[in-house]
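2 protein chains.
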Amino acid sequence: MHVVAEPIQRLIDALSQLPGIGPKSASRLAFYLLRAPGEQVQELSAAIGELKASIVYCGRCQNLSVTDPCAICADATRDASLICVVEEPLDVVAIERTGAFRGYYHVLHGVINPVEGIGPDDLRIAALLARQKAAPATEILIATNPTMEGEATAMYLARLLRPDGVRVTRLARGLPVGGDLEYADEVTLSRALEGRREL
Amino acid sequence: MHVVAEPIQRLIDALSQLPGIGPKSASRLAFYLLRAPGEQVQELSAAIGELKASIVYCGRCQNLSVTDPCAICADATRDASLICVVEEPLDVVAIERTGAFRGYYHVLHGVINPVEGIGPDDLRIAALLARQKAAPATEILIATNPTMEGEATAMYLARLLRPDGVRVTRLARGLPVGGDLEYADEVTLSRALEGRREL
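Chains as they are written, first to last, in the working numbering: chain A, 1 to 199; chain B, 1 to 199.
In case anyone wonders, no lab produced these hints; they're calculated from the structure.
Treat the hints loosely; a few may be bogus.
What the hints assert, rightly or not - In the DSS-like style, the derived pairs of lysine-lysine whose C-alpha atoms are separated by at most 30 angstroms in a straight line are:
1. B:24 / A:24
2. B:52 / A:24
3. B:24 / B:52
4. A:52 / A:24
5. B:52 / A:52
6. B:24 / A:52
Same shape as in the complex, but just chain A (with noise of 0.2 angstroms):
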């Protein structure tokens, strides 16, 4: 069995343990990077290394940037009544993507799971309500997903934010229930955003 390289090995191993890469994808993106261009193979190695480095939270939205606050929470042509609340940053990327939202956004980094030992405290729910008492927002739109763990965290943030007087949204029933936002096709979560629904 000892007939790959260590270094090819070392990489395989690597590889393989990202999600939705097993050893034969793994062997075959090391074999494919031994081929690769000096150039390309060290720039994914820097890419990679130097990911962390320069990433900070948004302290408002909590959303992954370089720059605190980030450039959608920086940018003061947005429409500040309306924050949409999403369980990831790629959840953020999928919904600039329609072009069909105008407000800020607030990043929880996952859902209420007690399976999974995830509760509320383990998400950016303090800073959501925080945010929600210095600055009111007269909507908030609660976009995350269609699965069971999304709705109980709507339901819970719904809870927590309506006595305020807030309206709280949540994204319209054009979604597949049980599929994924962030593989919503454009057209899809452009009508799921016009009709969304008080909570």
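Assemble chain B onto chain A, guided by the hints.
Leaving out everything else, chain B in the frame of chain A:
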């Protein structure tokens, strides 16, 4: 569209260039790495960065290795009368995994493919001929993939090698035509090795 922080976008771009990884998978991997333990991320970065530095071609079988000759060529207990010719280093791994082969290997690093402009001179064929001249094997098993290019390369090699009296064989047709040797299961590949036939 510029809602992803630059270091993250840079990594997404670098990952997107890998075969089989589209922009969505690249995003998922990038955000996974952002959250992964720093140790794991640095190990992956280092494994990629240091990949090429210590890898050489074995002067005998042309396989990638940290030593020259490689571990297989240096193993004197193997059967020197039999050489198995494969397209890629991963094919050596696949055949070794069967435990059904005790000869030596020769890695071509590709196949003849006129469409992509790959001719015999682009492969490690001269090294195979020189090696066979210096220490003749009695059988050369050409285990290129059962694809059009693999078959053409096998025919080409057979025509070159047979005049010297060596027995030229091919893996048995147990492999699905158009398939990829690297993905064959051990049993199929073992059977194909046992039933190899004269070319």
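Right, here's what the structure says about each hint:
1. Between the alpha carbons of residue 24 (chain B) and residue 24 (chain A) the distance comes to roughly 20 angstroms, so the proposed pair stays at or under 30 angstroms and holds.
2. Distance restraint check for residue 52 (chain B) and residue 24 (chain A): the Cα-Cα separation of roughly 20 angstroms lies within the 30 angstroms cut-off, and the hinted pair is therefore satisfied.
3. Distance hint between residue 24 (chain B) and residue 52 (chain B) is fulfilled; the C-alpha atoms sit about 28 angstroms from each other, no more than 30 angstroms.
4. Restraint check for residue 52 (chain A) and residue 24 (chain A): satisfied, since their Cα atoms lie roughly 28 angstroms apart, inside the 30 angstroms limit.
5. The straight-line distance between the Cα atoms of residue 52 (chain B) and residue 52 (chain A) is roughly 24 angstroms, inside the 30 angstroms bound, and the hint therefore holds.
6. Of the supplied pair hints, the one linking residue 24 (chain B) and residue 52 (chain A) holds, its CA atoms being roughly 20 angstroms apart against a limit of 30 angstroms.
Hint violations for this structure: none, all hints satisfied.
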